Amino acid sequence: MNPFEVFLRDDILLSTRIVVLADVLCGLGILAALVSMLFHARPSADGTRPSWVARGPILFTTLATCAISVAVGFRWKEVNHFPSQTMSEVLTMFTLALGVSMIVLWFALNLRKRGHGWAIVEDALILLVLFGVVFTHAHVRTLATAQRDLPPALQSWWFAPHLSCLIFSYATMGIAALIALVYFVTRFWSGVYRGGQSWQSQAWILAGLVLVPFAHLVTIPILLASALVFGALMALGRVPGADTVLRLEKELDDVSFRAFAVGFPFLTAGLWQGAFWAQEAWANYWGWDSKENSALITWLVYVIYIHLRLLGGYRGAKAMSALVAGALSVFLTFQVFGYLPDSQKSLHRYTDDGVEPQEGQQGGTPAATQQARADSGAKDAAEDR
Amino acid sequence: MSEPRIVDESATTNGARPPKPFRWGFGSAALLVLGLVIAGQVALTVLGRIVDGEATGLQSAAFGGFALATAVFLVLQRAAVARFFRTMHVGVTLVVLSLAAVGVGVLVPQITGFEDPTERIPDIRDVPADVVETYVPAPRVKSDEDFRRRPDDHPALAKLTNEQVARLKKWKYEYSLFRWAEGFFVYHLLHLYGVGMPESALPPGVAEKLDRFQDRYGIEERENREKQMGAAFSGRQKSQEIGTLIRENEKAFRRAFQVCTALDLNRTYKSNWFATLLGLLFVGVAFNTFKGSPRQWFTLKKGGYVLVHLGVMTLLAGGLYSKLKTDRGIVHLMIGDPPRDVYDGYHDSTKPRRMPFALSLDEFARRDWKTLEVGFFDEDFKSNPPSYTLWPGRRIELDFVDAGAAGKRPRIRIDVREVHERAVVGAPRWWDAEKPDDPEGLGPLAILATLDRAAVQAQSQEGAQPDVHERSVFLTPDPRIPPYLDPAWKFRLAIRYDASPEELRRTTTPPDDGRVGWLSLRVAAAGDVEPMIVPVRVGETVDGPAGYRVKVVSAAGDLRFDPRTKTEVLDPRPLAEQFPSSPGVVVEITSDSGGMPERRVVSETFDAESQGLQKEYAFPDLALNLEWERWTSPGPPRFVLSYGKDRGPELVSENGAPVPVQVGRELPLPGETRVTLKELLRNVRFETPVEFDPEADFISGPAYDPHFYSTDPTGIVLDLTTDPGTEKESKRTLRMASTDAGRSNLWSSADRRFWMRYFENTTAMPFEWRSVLSVHEKGADGSWQTIDVGNEREREIRVNDYLVHRGYRFFQTNADARFPTYSGIGVVYDPGIPFVLYGMWLTIFGSVVAFVLRPIAEARARRGKVAA
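Protein chains in written order, with numbering that gives the first Met the number 0: chain A, 0 to 384; chain B, 0 to 867.
It is possible that some hints are incorrect.
[Unchecked claim] The calculated EDC-like cross-link candidates involving lysine to aspartate or glutamate, where the alpha carbons are at most 20 Å apart (straight line), are:
#: 1; chain 1: B; residue 1: K322; chain 2: B; residue 2: E597
#: 2; chain 1: A; residue 1: K249; chain 2: A; residue 2: D148
#: 3; chain 1: A; residue 1: K76; chain 2: B; residue 2: E597
#: 4; chain 1: B; residue 1: K141; chain 2: B; residue 2: E665
#: 5; chain 1: B; residue 1: K730; chain 2: B; residue 2: D750
#: 6; chain 1: B; residue 1: K350; chain 2: B; residue 2: E694
#: 7; chain 1: A; residue 1: K76; chain 2: B; residue 2: E118
#: 8; chain 1: B; residue 1: K550; chain 2: B; residue 2: D497
#: 9; chain 1: B; residue 1: K407; chain 2: A; residue 2: E4
#: 10; chain 1: B; residue 1: K407; chain 2: A; residue 2: D10
#: 11; chain 1: B; residue 1: K208; chain 2: A; residue 2: D10
#: 12; chain 1: A; residue 1: K76; chain 2: B; residue 2: E857
#: 13; chain 1: A; residue 1: K76; chain 2: B; residue 2: E587
#: 14; chain 1: B; residue 1: K169; chain 2: B; residue 2: E219
#: 15; chain 1: B; residue 1: K322; chain 2: A; residue 2: E279
#: 16; chain 1: B; residue 1: K300; chain 2: A; residue 2: D10
#: 17; chain 1: B; residue 1: K489; chain 2: B; residue 2: E665
#: 18; chain 1: B; residue 1: K727; chain 2: B; residue 2: D704
#: 19; chain 1: B; residue 1: K324; chain 2: B; residue 2: E597
#: 20; chain 1: B; residue 1: K407; chain 2: A; residue 2: D9
#: 21; chain 1: A; residue 1: K112; chain 2: A; residue 2: D10
#: 22; chain 1: B; residue 1: K727; chain 2: B; residue 2: D511
#: 23; chain 1: B; residue 1: K550; chain 2: B; residue 2: E567
#: 24; chain 1: B; residue 1: K434; chain 2: B; residue 2: E114
#: 25; chain 1: A; residue 1: K112; chain 2: B; residue 2: D718
#: 26; chain 1: A; residue 1: K76; chain 2: B; residue 2: E417
#: 27; chain 1: B; residue 1: K269; chain 2: B; residue 2: E114
#: 28; chain 1: A; residue 1: K76; chain 2: B; residue 2: E567
#: 29; chain 1: B; residue 1: K407; chain 2: B; residue 2: D210
#: 30; chain 1: A; residue 1: K112; chain 2: A; residue 2: D9
Note that these hints are calculated values from the structure, not bench results. Note that the coordinates shown come from a computational prediction; the quantities given were computed from them, not determined experimentally.
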């Protein structure tokens, strides 16, 4: 069923239909970003004073974000609890967080004020984020959207802040990694078209962009699309040289760090809020559950990034590589986690994503054993032993 | 102009330059830290043995020497140690190695109960290799999960001692879990993006059914079912492929398991090497936090940094305190039992622990989600219809029709107006409709009064009124309504309305005589959409889904369980003589994919799946349910009370002529039970008044509410609108209660289009469990004295809300549907908790200061300067 048909049908939940509206707004935002990029590419363009053409992308981003938040609001009403229980709900929350992060970073980073050409980087960032939202929604449409009751453990005050903080930080960290990607792609194609980069560094970048599983679903399209852009710039004779790329490296490193700095306190708060919650539910602030551990690993990757950058003085490509590694860790924690060996007994598995937790377990599982032990305890108590 | 050169006097006087301090890089730091971690593993293991009194003299002496040498080294080389820990490379290396260590625990499944520091994979080196090689690869069976010796154990275990059996069984259990988890991971790694994974083609005919399902419940419900089915159908095939991968690489998995066990990788977080690493991390953080002038610590520039590092130190220190002092377990309580001060350490009844006080259970309840099910009379989807959780304000729309350009239009709209925690169901009222075709009428109904003579006689001897045993029985010709079964099991009685002689003959002598019931077979991994439902007789074998074969070995009308042996007790009488009060069958299940056959008892009254016991079966993915056929199964003679629009009542027996009967008279039936025909209605109208307790509001949140513990049914008020938005729109308000008393849980539309059932959903996770506890301390006379720890509100525990007393935390952790007064209470004694929590708060606060407040303040200061 095509998305427009979805929008018109009465037998589909309103939240699902409003997400389609958000996708349309994202599509318009993508067009606006492309127009704005062409507009800013004129030699006479002054990116520091945004015109209405330049404001188009963020305007549509804001409208799309509002639409997603209305969808989330309706979903809340439709399921009668904070809508972050199933994978489809969590991913919709994530796209909302992407929109909110982009708007926050648009103001916080103020890229267009940095000078000529920066407005294009800003448009490109919005373009990528909106594509991210649309593709995530397309994936959500393959997942089940049934209402699920909250199990007792999820009925906690901590549910909403824990999830919101983590998801907002994931979105911001994702955008920080996108900024780093813009740098690596620029460096690669500038090296290809204008030279000035060693073949080893080019090989590393290419391998990183093409070979990392799952990440290359994002990086290869970006690499190919930017090949076209650089081809056009080549034809116009405006491909940036190695010295421009070097200047850009410092600036993008700074920008990506600022984006990271917005997300990091939320990541920290989200992580430890999970511990406060577990403490209330099981008097066990850290159960070494593999989701908790994956989240801790993500946090530690960013801790390493901070130390390398602030104490070790690492800047540019090296620091941005750590940032990309952090985003990969976020992705692993968020989406791949259910396939990791120790995740099978995790309390954090989403059970409607086609990955069955105890799928084919040959005989009991640890949970079943615990249940069996508790059952025998119940029997003992019943028989007053 | 050249800068003045600083001359190092000491260097020049000796004539040699001082040695350049060693520069730590990532590689050298990692090597040294790993060396320290290995030393820590050895030293802490020896220390543990010394503390437990198990160390030899040599080990104690070696440890003493090591500790002394370490202390001397630290004192003499304190400057070098400080420089080491203050190097950025060392700090980053410590974080990287900690990250890797945490990652190990994600990639290596942790053993069951690893939270207990004493839990280990047993050593099986003394078990003869031939036994290991025979037993370990053998398919897992039920008896493997009970670590004691059992009569149905694998024959290879016969020559081992009981203690060896226990160790080998536990080893195999843990190894199987490890092998499966790693196999699952490797399989997905080899099939990135699902490439090469089995396709999830739905069985033929399902799509057409789903289309009809979509018309009834909407496209969203349909798509959800379809996605569920797709995932489930491919799930089983995927599991088989993972099984093959494991079998083909058995040796590699076994070797990996042995390596992980030897290095404590499958109990990473409780291992000594992990503790050493975190200890080093603590020292590293401490060295770096407290360097420089303390005055800087209170500046905005450094404040955030200091707070974060203080937080990390506090939480690591708290964690260590927890590690040394924590104990956890479960205390099993039942309402009415005396106070209990003993709990099972780490959920293990062989590890009893005593608290310095006792607990008792005042109240316990489980409240389930209030649920509505809607079905359509002209549809038979086999699977359960979708169920809808109810809350005030919820709207459910169903039965969609095309509405042209406007897309789809629902023909049924249900709005939940009120939800009540306590409902009172009054006595039902019935009457014959004025018109025989009144659509509000439910059709024919016979009302009988029965009297159990044997009970009356017994009662008369005690001087009671005999008529207290008279019971009303309602019978309708609807084949879904069960017939009347004589409690003395001398006859069975059904009614028929306007039935032909042929139909009457088929009813009294059914062609499928001897069928004991219907078995529903469903492979859990294949979704709950299409269970296979087959008629069963004793001795027959059914070819089930996914290569399972189920043979019905025996059947019983009154199946009982012996709680001690946990086996079924079969009635020795012939099946026909057993009243079906709790019917069940014993089946033998075999699978095409091999394994020992499983013997399973399937009871009509006990659903293993909803009780969470399905996982304990040898074939846990095959769910079986039984519906006993009370009319065709072997039993006493069948009688039919037949009447019609223009026909008087008569009683038809299996092989006799119809006997005319009269309203108000006794029916000529065999046995002691007296059955009087009270009323015969041709089109009955029926009403059950449902009232609500105004005090008991809808419980939607966590606040204490005494009505939570009520055993009354719950109730709802619904606004039902049919054909909304059209000229035919009609609206009515319905009151329902979650009990079958007076059919107050059921409603069907007058046009027999659809029905609704309201119930509390016990098959899923509940809304909540709550317990109210009392605390008791030993009095002077040694008896337990209840002490005041607050009112019920304060003594109530829920998941997410625990009770603390003298450092012990109690939280809701377990329940068992078979024992409604039982509550399993988690017990935790952990004095490290507050430190860790403060540490975490400090870390959050510090990161906000460093990454939010500081940049804002600095930006403001910059703007101020520019303006100036």
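Structure-based check of all given hints:
A hinted pair counts as satisfied when its Cα atoms are at most 20 Å apart, and B/K322 with B/E597 does not qualify at roughly 43 Å. As the CA atoms of A/K249 and A/D148 are separated by approximately 49 Å, the hinted pair breaks the 20 Å bound. A threshold of 20 Å between alpha carbons decides the hint, and for A/K76 with B/E597 the separation of about 46 Å lies outside it, so the pair is violated. Straight-line distance between C-alpha atoms of B/K141 and B/E665 comes to about 54 Å, which puts the hinted pair past the 20 Å bound.
Between B/K730 and B/D750, the direct Cα distance comes to roughly 15 Å. Compliance with the 20 Å bound is thereby established for this hinted pair. At most 20 Å may separate the alpha-carbon atoms for a hinted pair to count; B/K350 and B/E694 exceed this at roughly 45 Å. Proposed proximity of A/K76 and B/E118 is contradicted: the alpha carbons are some 46 Å apart, above 20 Å. Only pairs whose Cα atoms come within 20 Å are accepted, and B/K550 paired with B/D497 is rejected, the gap being roughly 40 Å.
Our distance criterion of 20 Å between C-alpha atoms is met by B/K407 and A/E4, whose separation comes to about 11 Å. A distance of roughly 6 Å separates the Cα atoms of B/K407 and A/D10; the hinted pair therefore holds under the 20 Å criterion. Under the criterion of a C-alpha separation no larger than 20 Å, the hint pairing B/K208 with A/D10 is consistent with the structure, at around 18 Å. Of the pairs offered as hints, the one joining A/K76 and B/E857 is violated, with about 43 Å between alpha carbons and a cut-off of 20 Å exceeded.
Of the supplied pair hints, the one linking A/K76 and B/E587 is violated, its CA atoms being roughly 48 Å apart against a limit of 20 Å. A C-alpha spacing of about 46 Å is found between B/K169 and B/E219, which places the hinted pair above 20 Å, so the restraint is violated. Taken as a hint, the B/K322 and A/E279 pair is honoured in the structure, with Cα atoms around 19 Å apart against an allowance of 20 Å. Distance check on the hinted pair: B/K300 and A/D10 sit about 57 Å apart at the alpha-carbon level, beyond 20 Å; violated.
A distance of roughly 16 Å separates the Cα atoms of B/K489 and B/E665; the hinted pair therefore holds under the 20 Å criterion. Distance check on the hinted pair: B/K727 and B/D704 sit about 43 Å apart at the alpha-carbon level, beyond 20 Å; violated. A hinted pair counts as satisfied when its Cα atoms are at most 20 Å apart, and B/K324 with B/E597 does not qualify at roughly 44 Å. Of the pairs offered as hints, the one joining B/K407 and A/D9 holds, with about 5 Å between alpha carbons and a cut-off of 20 Å not exceeded.
Of the supplied pair hints, the one linking A/K112 and A/D10 is violated, its CA atoms being roughly 48 Å apart against a limit of 20 Å. Proximity of B/K727 to B/D511 is assessed by CA-CA distance (about 45 Å); at most 20 Å being required, the pair is judged violated. Simply put, B/K550 and B/E567 have alpha-carbon atoms about 17 Å apart, close enough for the 20 Å limit, and the pair holds. With a C-alpha separation of about 71 Å, the suggested pairing of B/K434 with B/E114 is violated against the 20 Å cut-off.
At most 20 Å may separate the alpha-carbon atoms for a hinted pair to count; A/K112 and B/D718 exceed this at roughly 59 Å. Distance restraint check for A/K76 and B/E417: the Cα-Cα separation of roughly 16 Å lies within the 20 Å cut-off, and the hinted pair is therefore satisfied. The hinted pair formed by B/K269 and B/E114 meets the criterion: a straight-line CA distance of about 7 Å does not exceed 20 Å. Straight-line distance between C-alpha atoms of A/K76 and B/E567 comes to about 48 Å, which puts the hinted pair past the 20 Å bound.
Of the supplied pair hints, the one linking B/K407 and B/D210 holds, its CA atoms being roughly 14 Å apart against a limit of 20 Å. Straight-line distance between C-alpha atoms of A/K112 and A/D9 comes to about 46 Å, which puts the hinted pair past the 20 Å bound.
Taken one by one, the earlier hints fail for this structure at numbers 1, 2, 3, 4, 6, 7, 8, 12, 13, 14, 16, 18, 19, 21, 22, 24, 25, 28 and 30, listed in ascending order.
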